[in-house]
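J.: Put together the whole structure using the sequences plus the hints.
There are 2 protein chains.
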Amino acid sequence: MPSPSNALPAVLDRIDAELDNSVRRLFDFLKIQSVSTDPAYAPHCKAAAEFVAKDLASLGFDASLRPTGGHPAVVGKANGGAGNAPRVLFYGHYDVQPVDPLSLWQTPPFAPRIATTPDGRKIIVARGACDDKGQVMTFVEALRAFKAVTGSLPLPITMLIEGEEECGSAHLFDFVKRNAAELKQDFALVCDTSMWDAKTPAITTSLRGLVYEEVRVTCADRDLHSGLFGGAAQNPLRVLSQILGTMHDKHGRVTIPGFYDGVKELPRDIKAELKKLRLTPKEFLGGVGLKIPAGEKNRMLIEQIATRPTAEINGMIGGYTGEGAKTVLPAQATAKVSFRLVGDQNPKKIQDGFRKFVRARLPKDAKVEFSNFGLAPAIQLAFDNPALLKARTALKAEWGKTAVTVGEGGSIPIVGDFKRILGMDTIMVGFALDDDRVHSPNEKYDLTSFHKGTRSWARILAALAE
Amino acid sequence: MPSPSNALPAVLDRIDAELDNSVRRLFDFLKIQSVSTDPAYAPHCKAAAEFVAKDLASLGFDASLRPTGGHPAVVGKANGGAGNAPRVLFYGHYDVQPVDPLSLWQTPPFAPRIATTPDGRKIIVARGACDDKGQVMTFVEALRAFKAVTGSLPLPITMLIEGEEECGSAHLFDFVKRNAAELKQDFALVCDTSMWDAKTPAITTSLRGLVYEEVRVTCADRDLHSGLFGGAAQNPLRVLSQILGTMHDKHGRVTIPGFYDGVKELPRDIKAELKKLRLTPKEFLGGVGLKIPAGEKNRMLIEQIATRPTAEINGMIGGYTGEGAKTVLPAQATAKVSFRLVGDQNPKKIQDGFRKFVRARLPKDAKVEFSNFGLAPAIQLAFDNPALLKARTALKAEWGKTAVTVGEGGSIPIVGDFKRILGMDTIMVGFALDDDRVHSPNEKYDLTSFHKGTRSWARILAALAE
Numbered sequence: 001m002p003s004p005s006n007a008l009p010a011v012l013d014r015i016d017a018e019l020d021n022s023v024r025r026l027f028d029f030l031k032i033q034s035v036s037t038d039p040a041y042a043p044h045c046k047a048a049a050e051f052v053a054k055d056l057a058s059l060g061f062d063a064s065l066r067p068t069g070g071h072p073a074v075v076g077k078a079n080g081g082a083g084n085a086p087r088v089l090f091y092g093h094y095d096v097q098p099v100d101p102l103s104l105w106q107t108p109p110f111a112p113r114i115a116t117t118p119d120g121r122k123i124i125v126a127r128g129a130c131d132d133k134g135q136v137m138t139f140v141e142a143l144r145a146f147k148a149v150t151g152s153l154p155l156p157i158t159m160l161i162e163g164e165e166e167c168g169s170a171h172l173f174d175f176v177k178r179n180a181a182e183l184k185q186d187f188a189l190v191c192d193t194s195m196w197d198a199k200t201p202a203i204t205t206s207l208r209g210l211v212y213e214e215v216r217v218t219c220a221d222r223d224l225h226s227g228l229f230g231g232a233a234q235n236p237l238r239v240l241s242q243i244l245g246t247m248h249d250k251h252g253r254v255t256i257p258g259f260y261d262g263v264k265e266l267p268r269d270i271k272a273e274l275k276k277l278r279l280t281p282k283e284f285l286g287g288v289g290l291k292i293p294a295g296e297k298n299r300m301l302i303e304q305i306a307t308r309p310t311a312e313i314n315g316m317i318g319g320y321t322g323e324g325a326k327t328v329l330p331a332q333a334t335a336k337v338s339f340r341l342v343g344d345q346n347p348k349k350i351q352d353g354f355r356k357f358v359r360a361r362l363p364k365d366a367k368v369e370f371s372n373f374g375l376a377p378a379i380q381l382a383f384d385n386p387a388l389l390k391a392r393t394a395l396k397a398e399w400g401k402t403a404v405t406v407g408e409g410g411s412i413p414i415v416g417d418f419k420r421i422l423g424m425d426t427i428m429v430g431f432a433l434d435d436d437r438v439h440s441p442n443e444k445y446d447l448t449s450f451h452k453g454t455r456s457w458a459r460i461l462a463a464l465a466e
Numbered sequence: 001m002p003s004p005s006n007a008l009p010a011v012l013d014r015i016d017a018e019l020d021n022s023v024r025r026l027f028d029f030l031k032i033q034s035v036s037t038d039p040a041y042a043p044h045c046k047a048a049a050e051f052v053a054k055d056l057a058s059l060g061f062d063a064s065l066r067p068t069g070g071h072p073a074v075v076g077k078a079n080g081g082a083g084n085a086p087r088v089l090f091y092g093h094y095d096v097q098p099v100d101p102l103s104l105w106q107t108p109p110f111a112p113r114i115a116t117t118p119d120g121r122k123i124i125v126a127r128g129a130c131d132d133k134g135q136v137m138t139f140v141e142a143l144r145a146f147k148a149v150t151g152s153l154p155l156p157i158t159m160l161i162e163g164e165e166e167c168g169s170a171h172l173f174d175f176v177k178r179n180a181a182e183l184k185q186d187f188a189l190v191c192d193t194s195m196w197d198a199k200t201p202a203i204t205t206s207l208r209g210l211v212y213e214e215v216r217v218t219c220a221d222r223d224l225h226s227g228l229f230g231g232a233a234q235n236p237l238r239v240l241s242q243i244l245g246t247m248h249d250k251h252g253r254v255t256i257p258g259f260y261d262g263v264k265e266l267p268r269d270i271k272a273e274l275k276k277l278r279l280t281p282k283e284f285l286g287g288v289g290l291k292i293p294a295g296e297k298n299r300m301l302i303e304q305i306a307t308r309p310t311a312e313i314n315g316m317i318g319g320y321t322g323e324g325a326k327t328v329l330p331a332q333a334t335a336k337v338s339f340r341l342v343g344d345q346n347p348k349k350i351q352d353g354f355r356k357f358v359r360a361r362l363p364k365d366a367k368v369e370f371s372n373f374g375l376a377p378a379i380q381l382a383f384d385n386p387a388l389l390k391a392r393t394a395l396k397a398e399w400g401k402t403a404v405t406v407g408e409g410g411s412i413p414i415v416g417d418f419k420r421i422l423g424m425d426t427i428m429v430g431f432a433l434d435d436d437r438v439h440s441p442n443e444k445y446d447l448t449s450f451h452k453g454t455r456s457w458a459r460i461l462a463a464l465a466e
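First to last, the protein sequences are chains A and B. For the first sequence, position 384 (counting from the first letter as 1) is numbered 384 according to my numbering, and the numbering increases by one without interruption. For the second sequence, position 6 (counting from the first letter as 1) is numbered 6 according to my numbering, and the numbering increases by one without interruption.
If you are wondering where the hints come from, they were derived from the structure by calculation, not from laboratory data. One thing to keep in mind: the hints can contain errors.
Identical copies go unnamed one by one, so any copy, or any two together, can satisfy a pair.
In silico SDA-like pairs for lysine to any residue, Cα to Cα no more than 20 angstroms straight-line [stated by the list, open to error]: (1) Lys250 - Phe357; (2) Lys282 - Asp223; (3) Lys291 - Arg222; (4) Lys326 - Cys167.
T.: Here you go:
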């Protein structure tokens, strides 16, 4: 039996030759109306789970539907590769977003088709074409090609394909906790993210964490007349502005002591690569009427949005906010303040640091109360993670361009759970494009994303198996 | 004919001897239900005006009811004193506040009576007993005593007793403007203010002015998701907090360049007197749950509230202000900011200074719009105004304590009009006490306020006639 690396050229040839069949299999998957958020589609969700389990079984997986309290999860286990090959968990989801408004679809959402864009690209159009059925199948088709060429999988693989991602993965946390021993592998792979652009692959290496605080400052025990009390009575809006106004210094840096503890500098080569992307303010901010990045001045825009922590005032209210004038001196003012975390920033320490920062600046006669609405750490893959380095090399071989390592501002909660519950890192590689209309009518996935995505996984799996 | 000063002892004796008759005359005035805000009482207002005109005529005034577009004003003119005596305008009002809720009055509001307080003070109880019928009559009774003793008034006096003060003096501005030549005298006297306390007389020498601005900061052209744009897109709440948070320095001083232009230091003796009052934070702020004066740190509390300009944020709103968390990065934030002015501060310059202060601190990508809801200068009597000095000496002679010169946070608009339209200063002396329940049920005026108030005016008039 050839090693995965030795088999790779034949595996890639097989993927190319099988493309039409791969697309046909994806179409069968896309025809299943697995809208997880609407109970009316529960049978369709079950059908999609059964489709996945059957397909995995055909590749030698011990696969079954597992109850979660909601739509079932599919778990499949298979051996493969040499004895020292790493064991991986692949996570994806078979459920899709609702299709409303249906009238905006050019063709029915569950009647997948190949179309050609005005600029000549072949695309697969259907609900779930990209998110996440198309992306999941890039991985499955790569496994299928290995199996066909070598007779086995390149690695020991556990598949976890859930059915509630589009409605919040409500039961997945408990499922992962209950089945920790079974699901914990050396690391996880996820295919639910984007390319940098149509020609540049990307690996998502960080998801920012979140601390969300409400701060309420109270001074007098009632609203006062500013003509009588102005100048003498403490004003909570002044207090709050003064405190929150100093949360950033003139260089855009957050001034809360200890805020940057656990934030690592990017390795020089990663930074150089990010720089090469030349993300311009016009590209990123132009669409919303802005021009100038507002973050830390000595950081590139792409660092500001992806790899650096932030502090933002999300809301603020106090005093008279109606039409015209009222000379009130308010008793109370409230702000909502959130922090996006990166690296090893400790959410509890950030929360404590913020509260201490406010209290230390609070004048006498002002009282403060805090409420918390969120406390989650960031997910940050070490830049020298061996699996990450192998995946980057593999992606470069396929696309001819170095894979960008990016951070996402939003959050894929399960990746945090993998880290916290299972102590397992996740490598997120995906082939979605910005124009895929994910969650919108006429969702599509480029045929190139599907085809080269499958080839990319074949290369990554071969590299990981070394 | 003795000079007013020489006649003063006899005039004071006369006032003492006439007290019962003076009270009887005040009672006749108080019985008239001159509620100006309710059209049903228009005949009563006219009756009150006629009462005043008739009384003034009995003292030798050429007095008449003058149409204003609303309730009539009473204007009376009389000569008096030596050729070099200053000509004065006395302003007061014959109208009173409504009496609701009637059920809270212990006796009918227009059935004046003498009562005794638990601590033994004699008081006159009725609507208008203090505001302003009782106060107006202290001046009129002083004139009556002069007339009785010397056969004439101590000075040339013009009386202006209006009937719409309690409903906003809507027609008075135009009336003063139309009759400027007739009403402009050397200075004005008003009896519509308070004592410092029951034993300490006071002269109101300043009324603070007002500049009221709304400032609206806009960054992106729509609300953004802070997970995606946080750190890179400018946040208008951050911008507004940073700007308004620096409007005061750590000493409580307003940092807007030129803000204190036109603010004069108090003369040392005035300051010393204010200090002697020992107004404590507990007295002034304790009632609303505060302890520490929030104004300029090197200023006494009484300066902060009465003689120094202020900048206050009266309201602020932006972003998400509902329950819980929303990670929005708002497009817009708005604040209402007002300034109380003193001395010669120029409202237009303050407005310009504030707008320039905001614009100079506005980061690129932030736009600002301003709206104005108020622009009025302060009224400030020079501390070396000769009439003021004479009034202070006279008050000290009557009360045995130096008269405090105070500033009022609120505003008596007509005093500003006298200054702006007629170029005429006003000396405000009044004998109201904090517990007079002005505008409330069971309004009262201490018999001492009425009696010694009348004696005070006799002394002031004698001094002014010198």
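J.: Run every hint past the structure and note whether it holds.
T.: Hints and how they fare:
For the homomeric pair Lys250 and Phe357, the shortest alpha-carbon distances inside one copy (18 angstroms) and between copies (17 angstroms) are both at most 20 angstroms. Only between protomers do Lys282 and Asp223 lie at most 20 angstroms apart by alpha-carbon distance; the minimum there is 18 angstroms, versus 45 angstroms within a single protomer. For the identical chains of this complex, Lys291 and Arg222 are inter-copy neighbours only, at 14 angstroms across copies versus 43 angstroms inside a copy, given an alpha-carbon limit of 20 angstroms. In this assembly of identical chains, Lys326 and Cys167 lie within 20 angstroms of each other by CA distance solely across copies; the values are 18 angstroms between and 45 angstroms within a copy.
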